[in-house]
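Student: Each protein sequence line maps, in turn, to chains A and B.
Heads up, the first sequence is in our numbering, so the first residue is 139 and it goes up one at a time.
Heads up, the second sequence is in our numbering, so the first residue is 16 and it goes up one at a time.
I should point out that these hints are in silico values taken from the structure, not numbers from a laboratory.
It is possible that some hints are incorrect.
[Unchecked claim] Here are the in silico distance ranges between beta carbons for each label pair:
no.	chain 1	residue 1	chain 2	residue 2	range
1	B	Q103	A	A199	37 to 45 Å
2	B	A102	A	E148	15 to 23 Å
3	B	Q103	A	Q260	27 to 35 Å
4	B	A102	A	F268	34 to 42 Å
5	A	Q212	B	Q103	16 to 24 Å
6	B	A105	A	Q215	23 to 31 Å
7	B	A105	A	G216	16 to 24 Å
8	B	A102	A	L243	18 to 26 Å
9	B	Q103	A	E246	38 to 46 Å
[As the list claims (entries may be wrong)] If you want a taste of the chain B side facing chain A, the calculated C-beta under 8 Å gives, among others:
no.	residue
10	H19
11	P20
12	A97
13	A105
14	V109
[Claimed, not checked] Counterexamples of contact, computed for chain A against chain B with all Cβ distances above 12 Å:
no.	residue
15	Q197
16	T207
17	Q215
18	N222
19	A225
20	E256
21	A269
Bear in mind that the values here come from a model prediction, so they are computed numbers and not experimental data.
The C-beta atom is built at its ideal place from N, Cα and C for all residues, glycine as well.
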Amino acid sequence: MLEVEPQLIEQYVRTGQMRIIVRPLLQTGEDSLLAAHAAACAGEQQQYFTMRSALYANQGALYTATDMTQALQQVAQGIGLDTNSFARCMQQETYRLALISQYTLAKEDGILARPVFEINGQRLIGAQPFAQFGPIIDALLNE
Amino acid sequence: MRIHPVLLVLVIISLVACTQTSDSTSAVVEPTRLPSATVAVIQPTDTPLPAQPTQATQPTPSMAPTLANLDEGAGTTDEGYAMLGDAQAAVTFVDYSDFF
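Generate coordinates for the entire structure from the input sequences, incorporating the hints supplied.
Tutor: The structure is reproduced here in structure tokens:
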């Protein structure tokens, strides 16, 4: 998705034709929850998608980190966030319950694999190339 | 009154000749000209064509939001998900994914 999302943003989001909603899954437990929470805290500084990209870019290092909270703090610093505000958000677990609730709803809605995409309700399971998304989106825009 | 036989022959020959000429004239089919000249005749006029009104279907580059601006509208919602783009957009793309 790291390669595809920028194309989607350029072609459809910047032109006002599409919005992207990210609903994090928490399938690897506490680590998933911490990473999703870090992105949410970055969102308080309007840097959700920047943080999201940074998390994916550092996925390997984060996965093997012995101190996840510290590792996430370093990622936040790396993208220029206000680290004090970020640390406070992480410590207060501001979005923890909301993220768990979202994940529960996703599972109840049949989201059992990852990634899953829904385009105006049309569900696609598994990673897809831009060439797969484009025609679907174009067809919806032409309706 | 007696007609001279030679004169009679000449009259008959003349009549036959006239009949044949008339028939041949009517038998000729003139090839019809394709109206290609009509196409070629169109000349550009000095009067410029009226400008076609352009229909803005997309924001111009100067109006297009920057990624930073997009991100300003992409803060995390209280419900725990993030949104990027115009809330009124025709297409909603939902991404369910895990960071690991």
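Student: Quick check: which numbered hints come out false for this structure?
Tutor: 3, 4, 5, 6, 7, 9, 10, 11, 15 and 20
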